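A.B. asks: Residue-level listing of the chains:
Number of protein chains: 2
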Amino acid sequence: MSKPIRFNAFEMNCVAHQSPGLWRHPRDRSRDYKRLDYWIDLSRTLERGLFDGLFLADVLGVYDVFGGGPEAALRHGTQIPVNDPLLLVPAMAAATRHLGFGVTVNLSFEPPYGFARRMSTLDHLTEGRIGWNIVTGYLDSAAKAAGRARQTAHDDRYAVAEDYMAAVYKLWEGSWADDAVLADAAAGVFADPAGVRRIEHRGPHFQIDALHLSEPSPQRTPVLYQAGTSPAGRDFAARHAECIFMSGPSRKVIAPRVAAIRAAAARLGRPPDAILMFSLLTVIVAATDEEAQARHDEYRAYADHEGALTLMSGWTGIDFSKLDPDAVVQHVENDAGRSALENITRADPDRVWTVRQVAEHVSIGGIGPVVVGSPGTVADELERWVDETGIDGFNLAFAVRPETFRDVADHLVPELQRRGRYRTSYAEGTLREKLFGRSARLPGEHAGAAYRWARPAL
Amino acid sequence: MSKPIRFNAFEMNCVAHQSPGLWRHPRDRSRDYKRLDYWIDLSRTLERGLFDGLFLADVLGVYDVFGGGPEAALRHGTQIPVNDPLLLVPAMAAATRHLGFGVTVNLSFEPPYGFARRMSTLDHLTEGRIGWNIVTGYLDSAAKAAGRARQTAHDDRYAVAEDYMAAVYKLWEGSWADDAVLADAAAGVFADPAGVRRIEHRGPHFQIDALHLSEPSPQRTPVLYQAGTSPAGRDFAARHAECIFMSGPSRKVIAPRVAAIRAAAARLGRPPDAILMFSLLTVIVAATDEEAQARHDEYRAYADHEGALTLMSGWTGIDFSKLDPDAVVQHVENDAGRSALENITRADPDRVWTVRQVAEHVSIGGIGPVVVGSPGTVADELERWVDETGIDGFNLAFAVRPETFRDVADHLVPELQRRGRYRTSYAEGTLREKLFGRSARLPGEHAGAAYRWARPAL
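Top to bottom, those sequences are chains A and B.
Numbering follows the UniProt record's numbering, in which position 140 of the first sequence is assigned residue number 140; successive positions increment by one, without gaps.
Numbering follows the UniProt record's numbering, in which position 50 of the second sequence is assigned residue number 50; successive positions increment by one, without gaps.
For the record, the hints were derived by calculation from the structure and aren't laboratory data.
Just so we're clear, the structure is a prediction, and the values are computed from it rather than from any experiment.
You may find that some hints are simply not true.
Partner residues are not named here, just some residues of chain B that face chain A (Cβ under 10 Å, in silico) [said to hold, decoys possible]:
1. Asp-37
2. Thr-78
3. Ile-80
4. Val-82
5. Pro-85
6. Val-89
7. Ala-95
8. His-124
9. Trp-176
10. Asp-179
11. Arg-198
12. Asp-304
13. Phe-436
14. Trp-453
Partial selection, computed: residues in chain A whose CB lies under 7 Å from chain B [claimed, not checked]:
15. Pro-81
16. Asp-84
17. Leu-87
18. Arg-118
To be clear about the criterion: a stretch of chain B counts as covered by chain A if any three or more of its residues have a C-beta under 8 Å from a C-beta of chain A, and this derived list gives those stretches [what the hints assert, rightly or not]:
19. 9–17
20. 24–35
21. 48–62
22. 97–111
23. 115–123
The beta carbon of each residue, even a glycine, is placed where N, CA and C say it ideally should be.
Whole structure, please, built from the sequences with the hints as guidance.
C.D. replies: Now the structure itself:
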């Protein structure tokens, strides 16, 4: 039996996420990102389509590399304005029963004590459907917003992140014993003080001396997502991540990364199925190949190439406004390591990419590929991706929201179900139980499990 | 025509807020504080009762003064566990149309840049129904949680708070011009970069160099709530607050405070009706005086005096566990200034209070009075409060949740409406428009209005 295919929806609390320009499409609802009903409708569509979850991106800063200032980002609405993603979750949780929520929070800008409580609160309110996409930040503008001169250097950020993880694991896993809350009305005892422990964390970057404020939530530690693909990022992900998002335009780019992460995780004693991997991809699906192609052409008429290069400039640190549209970008050096640019240009070492082609590629769905066709055509391609790369599913970007996700739920999901490659109902339980079919809590071999605490026997 | 009376509901994302012990009452739903449906039901009850808003308390720390440790607070569940309050708002906003949300956030533990975005996000999602209760913190345990040795000294905290307010006013009022967002699909321009300004804040405590991340929300600055009654706190409130919460057991305590705050505001050039004042009070109302009295007796059987003293110890810094229950507390000195204890003992300078009496008083609804009776009896007393003290309404605590609020909506509100002392429908518009009948934005004479910015004419 072939491996089932999983879907996450990739969204952001902003106007122009990964398809700049499409907010101008007449059927697009991007301008409604500020309205709860947009998000509630979306969550119901995704649950109807049996998606694993909604993945919410975030960025605390502005894409101000293109042209050397924020003007292009503002004009194109590329990820600015951008509102807080966590606050979308409670309204969607109330409207759904199974959908998971993977939310990006940049640990560089959230003191760990309050953040740990925020995630515990969401784990309670969602009844165990919350995940955290761990991000350490990549825009200098975000650092300036916090009163610093620039981002912490890339590899140092992961050292800070390790200290942060230790602090929040202690709070989530090690402060309240499972049996601390008695809620014994007759005896008048809510919690047994012997079951609650003060956390004393004296790390190089973070210090805490406190009880965790929340009683144990269904999952305790939220399901941990990560997207790092640099060497430092990959080690961090291999150690902490339960789900990994990656992006590249072709199977050739993705397959070796999947293998590298699984190998790194295995070296840390984690089983091969401990990490689920999702690759960024945009599906444009309709009843027939011709209809889908027509839809793609229609979308492309609204694509915004300058907006796409504004995003690319932020991701890579290269000011694309200075390059000729017909210049070849193959050999532009990027000091940030394996960059978004390399993600594209390494897809096919023999191909030469011009700036114009990069803009065109990125302008619908970002760095991932766009798969266009009938349900059968798209399903064929998605099966190839999964079978040839070892990924577990897709992080689906939208072209037009929420139309892209509605089309996936209505056209593509039934086709994959017919092929036995997609679930036909949700499993019960928390997000972690749904994803891995095991416990609601971190598995014993996970780095966070070392921080567990049981109160001493009486 | 007499002044209408306003209601806020006083709640907290925890088990035992101001009525410790009542979580054991058979009809009480306090254990459901972790469930969205509890909050959604509550918000609908309050909107049915035409409440101005739901006021959510918060505390980042543990009541560990009583007995010198957190044991009593844990055992009694007094404000620990306590989950994040902001995350309750979106689900309640989706279930209501008019109810306002005043949420406590301690500025000592939230970097201003991310916090400003969080509130802007909520102002968008609630369509202008968000308020912020500005708190600077009072528990040393919260400071320890953030890696500091103790709280900042009381008056210094207000200096930090002034710097914080300047930073967030700049972000809310001065970064995006009202006409910056064009959303011009034909021209392909989302925002006009000339209408968005970088905020450079170089304060003694906070530094920011960034655009605000959110486009202008309906109210921009959330409605500002404050509860300070110390001299430094009163000046801060007179300058910033639009609504003030106060607590004392009698009209005699409250009336001079109302006058003092209005005088302080007038000295700053604010009109007399610029600040609405709400006094803490618990209503136990039923069809007849006898029924209400029986209900009060029933509630008192579940009251938890040690839990009450645990709260009092945290509020005052005095370890009540060391005092004899029959000791007179009249002259205990409290170095934190006008303390919660003084709030009680000054109610009637001639009365002598014992520790036991303090515990009894505080164990239902905290420091405010409990008014028990038929709708007519309670309405009489509430009218006296408003007419004799100059307050605008009440911050209503609960004994049993949500029963206390349901009883107010079902029994008391209709009686006040019959007397012409309570609204019969909501006004349209944002929370600020509903409260003051003027603009959705801060009035011109408010300190925050000085940070407004219009883009230069072209």
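A.B. asks: Look at each hint and say if it fits the structure.
C.D. replies: So, going through the hints one by one against the coordinates:
1. Asp-37: 8 Å, holds
2. Thr-78: 9 Å, holds
3. Ile-80: Check passed: Cβ of B:Ile-80 comes within 7 Å of chain A, closer than 10 Å.
4. Val-82: Holds. Min distance 5 Å.
5. Pro-85: Where the cut-off is 10 Å and the nearest Cβ of chain A is about 9 Å from B:Pro-85, the hint holds.
6. Val-89: Check passed: Cβ of B:Val-89 comes within 7 Å of chain A, closer than 10 Å.
7. Ala-95: 8 Å, holds
8. His-124: Holds, about 4 Å.
9. Trp-176: The hint holds - B:Trp-176 has a Cβ within 10 Å of chain A, the shortest such distance being about 8 Å.
10. Asp-179: 13 Å, violated
11. Arg-198: 8 Å, holds
12. Asp-304: Given a least distance of 7 Å, the restraint on B:Asp-304 holds.
13. Phe-436: At about 24 Å, which exceeds the 10 Å cut-off, the nearest Cβ of chain A leaves the hint on B:Phe-436 violated.
14. Trp-453: Status violated, d = 15 Å.
15. Pro-81: It holds, given that the least Cβ distance between A:Pro-81 and chain B is near 4 Å, below 7 Å.
16. Asp-84: 4 Å, holds
17. Leu-87: 5 Å, holds
18. Arg-118: 5 Å, holds
19. 9–17: holds (count 3)
20. 24–35: holds (count 4)
21. 48–62: holds (count 3)
22. 97–111: n = 3 at 8 Å, threshold three: holds.
23. 115–123: holds (count 5)
Of the numbered hints listed earlier, those contradicted by the structure are 10, 13, 14.
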